[in-house]
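Participant: Letter by letter, the chains look like this.
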Amino acid sequence: MTARVITITSGKGGVGKTTATANIAVGLALLGKKVIAIDADIGLRNLDVILGLENRIVYDLVDVVEGRCKLRQAMIKHKAFPELYLIPAAQTRDKTAVSPSDMLTITKKLRDDFDFILIDSPAGIERGFRNAIAAADDVLVVTNPEVSSVRDADRIIGLLEAEEKGPGRLIVNRIKMDMVRRGEMLSMDDVVDILAIKLIGVVPEDETVLTSSNRGEPAAGNEKSKAGQAFRNIARRLAGEEVPFMSLDHAEGVLQRLARLFSSSMPSTG
Amino acid sequence: MMAEKNALEIKGVRDGLLVHLDADESWKEQVKRLVTLIDEQREFFRGARLALDVGERAIRRHELGLLQTMLSRRGVTLWAVLSESMTTISTTRKLGLQTALEAPRAVKPEVSETLLRVDEDDDVTPPIDPEEVGTTGVLVKRTLRSGRTVRSGGHVVVLGDVNPGAEIIAGGDVIVWGRLRGLVHAGAHGDESAVVCALDMTPMQLRIAGYIATSPDDKRRKPRPEVAMVRDNRIVVEAWN
Chain A
41 MTARVITITS GKGGVGKTTA TANIAVGLAL LGKKVIAIDA DIGLRNLDVI
91 LGLENRIVYD LVDVVEGRCK LRQAMIKHKA FPELYLIPAA QTRDKTAVSP
141 SDMLTITKKL RDDFDFILID SPAGIERGFR NAIAAADDVL VVTNPEVSSV
191 RDADRIIGLL EAEEKGPGRL IVNRIKMDMV RRGEMLSMDD VVDILAIKLI
241 GVVPEDETVL TSSNRGEPAA GNEKSKAGQA FRNIARRLAG EEVPFMSLDH
291 AEGVLQRLAR LFSSSMPSTG
Chain P
2 MMAEKNALEI KGVRDGLLVH LDADESWKEQ VKRLVTLIDE QREFFRGARL
52 ALDVGERAIR RHELGLLQTM LSRRGVTLWA VLSESMTTIS TTRKLGLQTA
102 LEAPRAVKPE VSETLLRVDE DDDVTPPIDP EEVGTTGVLV KRTLRSGRTV
152 RSGGHVVVLG DVNPGAEIIA GGDVIVWGRL RGLVHAGAHG DESAVVCALD
202 MTPMQLRIAG YIATSPDDKR RKPRPEVAMV RDNRIVVEAW N
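Top line first, the protein sequences correspond to chains A and P.
So the first sequence is numbered by our numbering: it starts at 41 and just counts up by one.
So the second sequence is numbered by our numbering: it starts at 2 and just counts up by one.
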């Protein structure tokens, strides 16, 4: 077993990196994959909260780097998804407590025991971002259909290209179909047109994401959640399955939707 | 040309002025001397193209970059640095400057006269030079994403898009074979004849020499190749054909 290291990043804060990491991790675990999520947002840890593991933290990433515990001791096993582990970030330190080479060492030790290593990147383009992408085999760039987060995603893609981490693949998060239809929100085409990278998922705005994050039960574990389904689809695509983009618009079928996504300039989503 | 005791040696060459810098004196001293001279003889140097001969001196990138900036502020273009030092030659190339005087030059009127004369006949006809002469520039063969900057004393050609948040600053013209949505400054050293061409011209901001323009908010427009230039003291954009 050799794990793929996948970093989830965005440039801008608040677009849903941590939510995406938690949900994709759960999605992969539901497929029976062994997954470990690493929170690289040192000083502003959140991933543990969304995964509902906050009260079980004893050791964190910085403890591992500074030799206060063994790697195993910092890994928290999820009770509901036994295939899912978390290495939390330290809350009391900052990004300089970890270096890119520390991340390479840690992921190297984990590769044999897992199918996927997900790294939740902090916002920004500084040290924390560099740490998060140091070991990445694959990068997922999260953006919202909104001008400033697309601008930041573009900057991040440029930096990834400069670091030879590839252009990455795109997740458009929190799209609101009725607003797109009214022309009040960027459409999928607008976003993909500027960023010109491959799309791996489109996640609709969905209240269940917030409520389930607050409960520490990611929406991907909720059969009824639309966003949860979109995240599960992303997990399946990462696992190598061909999954058609789901219809977010009830008025038309999947095929028309796909045809539109790839051809015309009308606002659409998949 | 302008001999003074202990002064810099300046010669007129085909492409402008050639300045010899003494390898024994400190670089700082020499730069100071050159800049002082330019400031004193402002009229003479305005719009001049300068080549430097620095002999064996090793010049580092920040040193040459600084000089280039100081010169361009005075309306003088540094286009070549001649040297025997590998360090200097590599620095020169990195900054996109020439390392020899025989570099491609702008088309000059006498070239076309030569070509005309060929038709007339006979033995004294000078041979036709099959090389098309051009000017120097840089080619960027990728999309420029937000946060990227391209600077060149010459022209800039981009094969790809220029995204919002990216910048191009060129002494000469800028050609974008793609969508131009970032910021472009052509003729940045004051050349008002500079043009900007793009397959889809919707720049965040467009500057030519000292003029600034922004794109109109027109979402319904169809992309088409356009060229921007300065006419009657403002930037105008028209179809590129």
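Hints are computed from structural coordinates only; laboratory data are not their basis.
One thing to keep in mind: the hints can contain errors.
Restricting the straight-line Cα-Cα distance to at most 25 angstroms, the calculated cross-link-like pairs of lysine-lysine (DSS-like) are [said to hold, decoys possible]:
| hint | chain 1 | residue 1 | chain 2 | residue 2 |
| --- | --- | --- | --- | --- |
| 1 | A | Lys205 | P | Lys142 |
| 2 | A | Lys149 | A | Lys205 |
| 3 | A | Lys205 | A | Lys110 |
| 4 | A | Lys73 | A | Lys110 |
| 5 | A | Lys205 | A | Lys238 |
| 6 | A | Lys238 | P | Lys142 |
Because the structure is a prediction, the values reported are computed rather than measured.
Participant: Hint by hint, note whether the structure agrees.
Facilitator: Results for each hint:
With a C-alpha separation of about 19 angstroms, the suggested pair Lys205(A) and Lys142(P) falls inside the 25 angstroms cut-off, and the hint holds. Annotation: proposed proximity of Lys149(A) to Lys205(A) holds, straight-line Cα distance about 21 angstroms (limit 25 angstroms). With a C-alpha separation of about 29 angstroms, the suggested pairing of Lys205(A) with Lys110(A) is violated against the 25 angstroms cut-off. With a C-alpha separation of about 24 angstroms, the suggested pair Lys73(A) and Lys110(A) falls inside the 25 angstroms cut-off, and the hint holds.
Restraint check for Lys205(A) and Lys238(A): the C-alpha separation of about 14 angstroms stays at or below 25 angstroms, so the hint holds. At roughly 20 angstroms between alpha-carbon atoms, Lys238(A) and Lys142(P) fall within 25 angstroms of each other, so this suggested pair holds.
In this structure, only the earlier hint numbered 3 is contradicted, and the remaining ones agree with it.
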